[in-house]
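Trainee: Based on the provided sequences and hints, a complete structural model is requested.
Count along the sequence shown starting at 1, add 4, and that's the number in the numbering used here.
Treat the hints with care, as some may be off.
Per label pair, the in silico range of CB-to-CB distance [unchecked claim]:
id: 1; residue 1: THR285; residue 2: THR114; range: 19 to 29 angstroms
id: 2; residue 1: THR239; residue 2: THR270; range: 20 to 30 angstroms
id: 3; residue 1: PRO248; residue 2: GLN90; range: 20 to 30 angstroms
id: 4; residue 1: PRO84; residue 2: SER34; range: 24 to 34 angstroms
id: 5; residue 1: ALA120; residue 2: GLU85; range: 14 to 24 angstroms
It should be emphasised that the hints constitute simulated quantities derived from the structure, not laboratory data.
No residue lacks a Cβ here, since even glycine has one placed at the ideal position from N, Cα and C.
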Amino acid sequence: MSQHSTSSGTVRTAPSLPERVERFLDLFASGPGTVSTPNADAELAPGLERMQTIADPFTCATVDDFLPADLYQAVLRDWPEASSFQPVATFATLVYGEPRSYFGSRMERTVENWAADATPDAATWRRLRNALCHPAFVRALFTRFAETVDDNLAGLDLDELNSPNFKLYTNFDAGSDEALGAHVDAPSKLLTIVVYLDLQGPELPDSADRWGTALYSVGADNCLPQTFTANADHTAARKIQFAPNRAFIMPNSTHALHGVVGGEATVQRRTLMCGYWLKQTRPQN
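Mentor: In structure tokens form, the structure reads like this:
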């Protein structure tokens with residue numbers, strides 16, 4: 005086990021991590037985790053002490069008051085103009101020989117795609133991505149879900165997927181259609197954080213359920229990644245209720261079927277979503 009000295013001089017033993025998880029964290033720290041202020045505090049790490057872990061129907065967690073209050077308010081204040089959002093792309097390719105299509109009404113705007121050299125310049129978004137990418141925060145986060153992450157990594161071709169990536173989006177969902185169809189994420193997306201920001205418009209008694217995240221119980225062999233189906237076709241095993249500044253955290257697994265019902269024409273939901281990925285190394289020119 006590795007050891008870390010605390011400010012009081014005592015030595016705290018850090019838990020050993022599976023080799024595959026440790027390798028990803030090392031890659032991430034020297035890639036997206038190379039923040040502009042490397043000696044700054046990991047300002048999101050203390051919130052992990054408030055984490056509420058959920059085991060069924062699959063491993064995930066919530067953290068309330070996830071963003072520091074001033075950063076949360078800055079995100080709302082500096083929210084991009086509506087005209088800068090685009091519909092989530094419709095998939096027209098085949099996955100495992102089956103057609104796939106996006107099911108949902110989500111609109112999104114990319115804040116960062118590190119591997120594509122798309123990084124934010126504005127102070128609010130730079131601070132946000134640095135907080136989410138801080139190596140100490142990412143290590144603490146992945147340590148809590150090390151077993152689930154390692155199980156997912158075991159099913160990937162790590163000779164091919166050998167480069168880290170970080171993607172951050174601003175999203176809004178609105179309208180009478182479902183917001184986000186039930187789906188399992190791409191296996192190379194190792195972990196997702198969705199930060200619920202606010203609901204705008206007159207809410208109904210079940211709005212918190214509709215605009216949170218629905219979790220479905222399903223066998224690992226019964227879901228094709230990135231194949232979207234209607235939430236109405238499933239019965240939720242659990243509903244993560246919407247609450248402002250609540251983070252929904254999900255390490256990926258083959259049976260992590262989830263979606264967002266939405267479907268209230270007068271309500272709009274704003275969220276942040278980020279993902280920690282493995283990808284193929286970018287070819288050199």
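Trainee: Look at the Cβ atoms of ALA120 and GLU85 and judge whether their distance stays inside 14 to 24 angstroms.
Mentor: 22 angstroms, holds
Trainee: Return holds or violated for the Cβ distance of PRO248 and GLN90 against the range 20 to 30 angstroms.
Mentor: Holds, since PRO248 and GLN90 (Cβ atoms, about 25 angstroms apart) stay within the stated range.
Trainee: So does THR285 sit 19 to 29 angstroms from THR114, Cβ to Cβ?
Mentor: 21 angstroms Cβ-Cβ, so the 19 to 29 angstroms window holds.
Trainee: If I claimed the Cβ atoms of PRO84 and SER34 lie 24 to 34 angstroms apart, would that claim hold in this structure?
Mentor: 30 angstroms, holds
Trainee: Hint says 20 to 30 angstroms; check whether the CB-CB distance for THR239 and THR270 agrees.
Mentor: 26 angstroms, holds
Consistency note: the structure conflicts with none of the earlier hints.
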